[in-house]
Amino acid sequence: MEDASTPLPTPPDSLATQRQQVEAASDFLSICDRLSTGYDSGYYWEDVQRALRIAAGLEKWPE
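At position 36 of the sequence shown (counting the first as 1) the number is 36 in full-length UniProt numbering, and the numbers step up by one without a gap.
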């Protein structure tokens, strides 16, 4: 019988998912930073909506 305090190994798919979530969050924060300093540069509500879609995984980050 296994010791209950031993954590189960994380499946590789879970690690890939976590990495994608971190990258999406980082992209979102980058866009938010640009928005907070760039309204005069042409970043508007459409950009905020796109950032939210990217962070939610509904849209891909442009390559």
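Simulated from the structure, these hints should not be mistaken for lab results. We put the beta carbon where it would ideally sit given N, CA and C, even for glycine. A few of these clues could be false.
Said to hold, decoys possible - Derived DEER-like restraints, expressed as beta-carbon distance ranges: (1) Arg34 - Leu58: 13 to 23 angstroms; (2) Val22 - Arg50: 17 to 27 angstroms; (3) Lys60 - Arg34: 13 to 23 angstroms.
Structure-based check of all given hints:
no.	hint	in the structure
1	Arg34 - Leu58: 13 to 23 angstroms	holds (20 angstroms)
2	Val22 - Arg50: 17 to 27 angstroms	holds (19 angstroms)
3	Lys60 - Arg34: 13 to 23 angstroms	holds (18 angstroms)
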